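Each chain is listed here by its residues.
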Amino acid sequence: MSVFSVEIFLVVFGLALLCLEALVPTLTRRTLAGISIGGVALAFVLFLFASKSGADLPAFVQPYHQLDTLAVFYKGFALVITLLVLWLTVESSAYLTKFTPGGNFSELFSLPILVCVGMMWMASAKDLITVFVSLELVTVSFYVLVAFARKSNLALEAGVKYLILGALSTGVLVYGIAWVYGATGALSFEGIGTALALPETSRTAALLGAAFLLSGLGFKVAAAPFQMWVPDVYQGAPIPVTVFLSVGSKAAGFVVLTRTVESFMATGSVIAAEVQGLLIVGGALTILLGSLPAMFQTSIKRLLAYSSISHAGYLLLALGAGSARFDLSSGGVVAFYLATYLPMTVLSFLVLAILRANGGGEDIQDFRGLARRSPVLALAMTLSLASLAGLPLTAGFMGKLFVFFGLVDQAAWGALACAVIGAAVGFYYYFRAILVMYATDAQTAEPLKVATGTKAGAIVLAVVIVVIGVYPKPLQQLLAPVPVTVVAH
Amino acid sequence: MSVLEIVILLPIVAALAIWLGAPARATSVGSAILNLLIVLGLLFQFKSASAGGAGMAFESARVVLDNPAISFGVGADGVSLILALLTVLVTFAAVWQIASDKPAIYHIASLLIAGGGLGAFLSTDVFFIYAFHELALIPTFLMIGLYGHGEDSHRKAVAWKTTIYLGAGSLVLLAGLAWLVLEYSGGQKLTFDLNALRAQAASTPLPVEKQGLIFFVLLLGFGTLVSLFPLHSWAAPAYATAPTPVAMLHAGVLKKFGLYGLIRIALPLLPQGAQVEWVQQALLFMLLGNILVIGFVTIAQRSLDQVLGNSSVMHMGYIFLGIAAGTEIALQGAVLLMFAHGISIALLFALAGRMRNQLGTLELSKLGGLASHAPVFTLLFAFGAFASLGLPGLANFAGEVMVFLGAYGSNGGHAIGPMQWTVILALWGVVMSAVYMLRAFRDIFQGSANAGLFMNDPAFSQRIPLILLAAALLIVGCCPWLLLDLLKSLSAAKVAVM
Numbered sequence: 001m002s003v004f005s006v007e008i009f010l011v012v013f014g015l016a017l018l019c020l021e022a023l024v025p026t027l028t029r030r031t032l033a034g035i036s037i038g039g040v041a042l043a044f045v046l047f048l049f050a051s052k053s054g055a056d057l058p059a060f061v062q063p064y065h066q067l068d069t070l071a072v073f074y075k076g077f078a079l080v081i082t083l084l085v086l087w088l089t090v091e092s093s094a095y096l097t098k099f100t101p102g103g104n105f106s107e108l109f110s111l112p113i114l115v116c117v118g119m120m121w122m123a124s125a126k127d128l129i130t131v132f133v134s135l136e137l138v139t140v141s142f143y144v145l146v147a148f149a150r151k152s153n154l155a156l157e158a159g160v161k162y163l164i165l166g167a168l169s170t171g172v173l174v175y176g177i178a179w180v181y182g183a184t185g186a187l188s189f190e191g192i193g194t195a196l197a198l199p200e201t202s203r204t205a206a207l208l209g210a211a212f213l214l215s216g217l218g219f220k221v222a223a224a225p226f227q228m229w230v231p232d233v234y235q236g237a238p239i240p241v242t243v244f245l246s247v248g249s250k251a252a253g254f255v256v257l258t259r260t261v262e263s264f265m266a267t268g269s270v271i272a273a274e275v276q277g278l279l280i281v282g283g284a285l286t287i288l289l290g291s292l293p294a295m296f297q298t299s300i301k302r303l304l305a306y307s308s309i310s311h312a313g314y315l316l317l318a319l320g321a322g323s324a325r326f327d328l329s330s331g332g333v334v335a336f337y338l339a340t341y342l343p344m345t346v347l348s349f350l351v352l353a354i355l356r357a358n359g360g361g362e363d364i365q366d367f368r369g370l371a372r373r374s375p376v377l378a379l380a381m382t383l384s385l386a387s388l389a390g391l392p393l394t395a396g397f398m399g400k401l402f403v404f405f406g407l408v409d410q411a412a413w414g415a416l417a418c419a420v421i422g423a424a425v426g427f428y429y430y431f432r433a434i435l436v437m438y439a440t441d442a443q444t445a446e447p448l449k450v451a452t453g454t455k456a457g458a459i460v461l462a463v464v465i466v467v468i469g470v471y472p473k474p475l476q477q478l479l480a481p482v483p484v485t486v487v488a489h
Numbered sequence: 490m491s492v493l494e495i496v497i498l499l500p501i502v503a504a505l506a507i508w509l510g511a512p513a514r515a516t517s518v519g520s521a522i523l524n525l526l527i528v529l530g531l532l533f534q535f536k537s538a539s540a541g542g543a544g545m546a547f548e549s550a551r552v553v554l555d556n557p558a559i560s561f562g563v564g565a566d567g568v569s570l571i572l573a574l575l576t577v578l579v580t581f582a583a584v585w586q587i588a589s590d591k592p593a594i595y596h597i598a599s600l601l602i603a604g605g606g607l608g609a610f611l612s613t614d615v616f617f618i619y620a621f622h623e624l625a626l627i628p629t630f631l632m633i634g635l636y637g638h639g640e641d642s643h644r645k646a647v648a649w650k651t652t653i654y655l656g657a658g659s660l661v662l663l664a665g666l667a668w669l670v671l672e673y674s675g676g677q678k679l680t681f682d683l684n685a686l687r688a689q690a691a692s693t694p695l696p697v698e699k700q701g702l703i704f705f706v707l708l709l710g711f712g713t714l715v716s717l718f719p720l721h722s723w724a725a726p727a728y729a730t731a732p733t734p735v736a737m738l739h740a741g742v743l744k745k746f747g748l749y750g751l752i753r754i755a756l757p758l759l760p761q762g763a764q765v766e767w768v769q770q771a772l773l774f775m776l777l778g779n780i781l782v783i784g785f786v787t788i789a790q791r792s793l794d795q796v797l798g799n800s801s802v803m804h805m806g807y808i809f810l811g812i813a814a815g816t817e818i819a820l821q822g823a824v825l826l827m828f829a830h831g832i833s834i835a836l837l838f839a840l841a842g843r844m845r846n847q848l849g850t851l852e853l854s855k856l857g858g859l860a861s862h863a864p865v866f867t868l869l870f871a872f873g874a875f876a877s878l879g880l881p882g883l884a885n886f887a888g889e890v891m892v893f894l895g896a897y898g899s900n901g902g903h904a905i906g907p908m909q910w911t912v913i914l915a916l917w918g919v920v921m922s923a924v925y926m927l928r929a930f931r932d933i934f935q936g937s938a939n940a941g942l943f944m945n946d947p948a949f950s951q952r953i954p955l956i957l958l959a960a961a962l963l964i965v966g967c968c969p970w971l972l973l974d975l976l977k978s979l980s981a982a983k984v985a986v987m
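So the protein sequences, as listed, match chains A and B.
For the first sequence, our numbering gives the first residue as 1, with consecutive numbering after it.
For the second sequence, our numbering gives the first residue as 490, with consecutive numbering after it.
These aren't lab readings, by the way, just hints derived from the structure by calculation.
All values derive from a computational prediction rather than experimental measurement.
Careful: at least some of the hints might be erroneous.
Calculated lysine to aspartate or glutamate pairs in the EDC-like style (CA-CA distance at most 20 Å, straight line) [said to hold, decoys possible]:
#1 A:K473 with B:D932
#2 A:K455 with A:D441
#3 B:K855 with B:D932
#4 B:K645 with A:D366
#5 B:K699 with A:D409
#6 B:K678 with A:D327
#7 B:K591 with A:D441
#8 A:K126 with A:E21
#9 B:K645 with A:D327
#10 A:K473 with A:D327
#11 B:K678 with A:D409
#12 A:K161 with A:D232
#13 A:K449 with A:D366
Pulled a few chain B residues facing chain A out of the computed Cβ check, cut under 7 Å [unchecked claim]:
#14 N556
#15 L624
#16 L635
#17 L679
Note that the Cβ used here is the ideal one computed from N, Cα and C, for glycine as well.
Using the sequences and the hints, build the whole thing.
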């Protein structure tokens, strides 16, 4: 069985689920959630077997799809985040019932599956057409998801903003693809890379295409100067969708960016230096525009939105400043960083969702006294914030370490300074949130009602954060294509 | 699992257990006693385990990443072991004296700081040395911000100031360490293993000028953590504000991390870095600032917690002097002084905390005559105060004398250069210590008691940890060779470099 069959299964399953909830109105939400989570979990298990079996893709998709280490990793990543998002949807059902017309949000259990398929295809895309089609599958589903809590004005605002800016960025992306095609005569990443190395390729046209293409993708991953939409959209969207945007959509954007940048910066490319410069300058700017405003936020959701922007900056720097010293390519470092980013982001939003379910708001002050109300959740949240800040022994530090060494190796001192400033400022705003949780002057001290399963999930995520921070070797080996030769020392 | 890993993880696991509901006091005191016993056992085995005290002992390593090469490696030389002993002694005293009405987080924070300190002192991988120290900073920050003394806005401000200083210092330190690691990896794969880096430093040393530059960056990073003048201004308010166990552990133990880093990482890897003229002169200038400027600042203080906090900053100057001199005897003196200062300041902060609880004030002008109510308390305080001002027979004296002699004779006694002038000026610091410590002692304990001021002696069970600390000062003061015997590695490292 090949990985492709799993994807086909997911498409059919997602569509079937959509029809099911439309045609069988008696189906309760619980059942739907169960079917949805069960289906995706099944797909994940099948995927694990399929990726181990080494079966290649069927011949008819091979011109468009590839199955390298990175593709397999991101497919697994997409499945994991989708599972977590479905779980978060269950956790936030109280909020969703309140803010959706008729309390009906069953589509939230089928649309993420289609997004997942889009992300999985994107991970193996070999050419820009496949990229575009799968990217649109993801983006169009997100237009619906973002505006789902229609009875909240914030959600409507978020939906409109995301729709208009998303459509605009799609236009920019297509324009860029057209220019790249015009300049190189190729749509496949391989062809683009080869053509860019030829002396007769027009540098100006290629650069123009690259700039548009990178701008379009920059929107998807929330890179400066295309990051304006992020705080409002993250704030308005329901929590599970925010997580999906922050982790899933970002990861999807970065797979494509990795592939694109690899072809733009292929050996002998005429625009390699400019693309690298764009990435490094853009990354440094993104870090600053993410972390500096984060200091002044009072809403935890907006804080996490700005934090998500600044993490996108580190990811861009990882992509632009790879180091030959590691066993990881620059794309590998990006994947590593995203893998560390997943548990900490999901965990912080999970705690927020639990607080909301218990009647809390989304303000930082709503975390006041959390350590008394639920010590376990406070500890988990502390770990996730410390990891977002990049404290040693947590997952977040390992990701940043690779980025910093890459920057030093490329002698990108300006970007390094911005990265250090971003990290230092990060300590301030994340620690402010941590301090609030342990404050003793809370108005309410009643214990939080948290289901055992939810608590267990939070603990698992916290353990993952610590394990990656202390023992990152397995994750790195997952991403290193060549087996490491052991040198005795 | 190696024994050092157990020593490091024991406090952390105990903290986690308390968090999850284990009885706070029993768990923390129990784990502290157990750790104390283990470390004492290690001290006895050290000589046979480390080739006569010259090498590393109890080593083991677990690889956590192949490239860059990072491993959770543990191991101890004499310096590590002495600081580990300091940590477990102070931890025991700190958790023992936490009053039973304090919330469990006091125990958790103390144990986490202890675990971080032990991890930093006993790791042999630069990555983990750094990481463990950072681990200890979070509880320090939280405890000052949440349970510190004084107004809400005041302690928040102090907590932030401390965090910003220590955070910025850590980032500078990280930059310096990264630079070091990159230089010694020389285009090959990166390694954070201290032993591998040392081997690299011995076989292909860096150019002297570059050593000086990196050493200076490390000095600024480590120096901020040790309150090196003029990067010191966080320390006194932090200690005056911090809850007693945190003040004991931070001033007594965690602050030694920066000095330990200089001795354990910077000096062996950059043997000529500290001797580059401009670096050495900058260091001498800064440490004189610690001793003389802060000496006067301390004399001007009118409150016991401020006196203690500032005196702790001042005494760092002597230890830096030992490091700047870099001779065997000066370095041994510096390590001895680190131990002695840690014990004495922890004892003094513990006693000051008790006074604050019982009397509600630490203003020297409002105190007086306590000796008549609380003779045992007075005696214990005298141990700490006299040790701190360098009375012969107590631990600090041996350390200070060795530092002064080692530094003065560092050029073979030929001419009076900057180092000798520094020693001459630094000696006046001893006089200043005597001025403020004796005056504080007089103001608090002698004369007639102010009306309404009453304090009783600690109950017997509360004396135990304090007596232990005082005894440590006396034993090491009378028999400094007990610790100096463990410090053969300093001379061995020096010889290997020459």
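Against the structure, the hints:
1. Pair hint A:K473 plus B:D932 does not hold up; C-alpha atoms about 59 Å apart against a cutoff of 20 Å.
2. Note on A:K455 and A:D441: the hinted pairing is violated, with a Cα-Cα distance of about 25 Å set against a maximum of 20 Å.
3. For a cut-off of 20 Å, the pair hint linking B:K855 to B:D932 stands: about 9 Å separates their Cα positions.
4. For the hint linking B:K645 to A:D366, the alpha-carbon distance of about 19 Å falls within 20 Å, and the restraint holds.
5. Under the criterion of a C-alpha separation no larger than 20 Å, the hint pairing B:K699 with A:D409 is consistent with the structure, at around 18 Å.
6. Of the supplied pair hints, the one linking B:K678 and A:D327 holds, its CA atoms being roughly 9 Å apart against a limit of 20 Å.
7. The hinted pair formed by B:K591 and A:D441 meets the criterion: a straight-line CA distance of about 16 Å does not exceed 20 Å.
8. In summary, the hint linking A:K126 to A:E21 is not supported, as the alpha carbons are separated by about 35 Å, beyond the 20 Å threshold.
9. Of the supplied pair hints, the one linking B:K645 and A:D327 is violated, its CA atoms being roughly 44 Å apart against a limit of 20 Å.
10. About 11 Å separates the Cα atoms of A:K473 and A:D327, which keeps this hinted pair within 20 Å; it holds.
11. At most 20 Å may separate the alpha-carbon atoms for a hinted pair to count; B:K678 and A:D409 meet this at roughly 12 Å.
12. Distance restraint check for A:K161 and A:D232: the Cα-Cα separation of roughly 8 Å lies within the 20 Å cut-off, and the hinted pair is therefore satisfied.
13. Restraint check for A:K449 and A:D366: the C-alpha separation of about 15 Å stays at or below 20 Å, so the hint holds.
14. Proximity of B:N556 to chain A holds as hinted, the smallest CB-CB distance being about 5 Å (cut-off 7 Å).
15. Taken as an interface hint, B:L624 checks out: its beta carbon lies about 6 Å from the nearest beta carbon of chain A, inside 7 Å.
16. The closest approach between the C-beta of B:L635 and any C-beta of chain A is roughly 5 Å, which is under the 7 Å cut-off, so the hint is satisfied.
17. A distance limit of 7 Å between C-beta atoms decides the matter here; for B:L679 the minimum to chain A is near 6 Å, and the interface restraint holds.
The structure does not agree with the numbered hints 1, 2, 8 and 9 stated previously, though it agrees with the rest.
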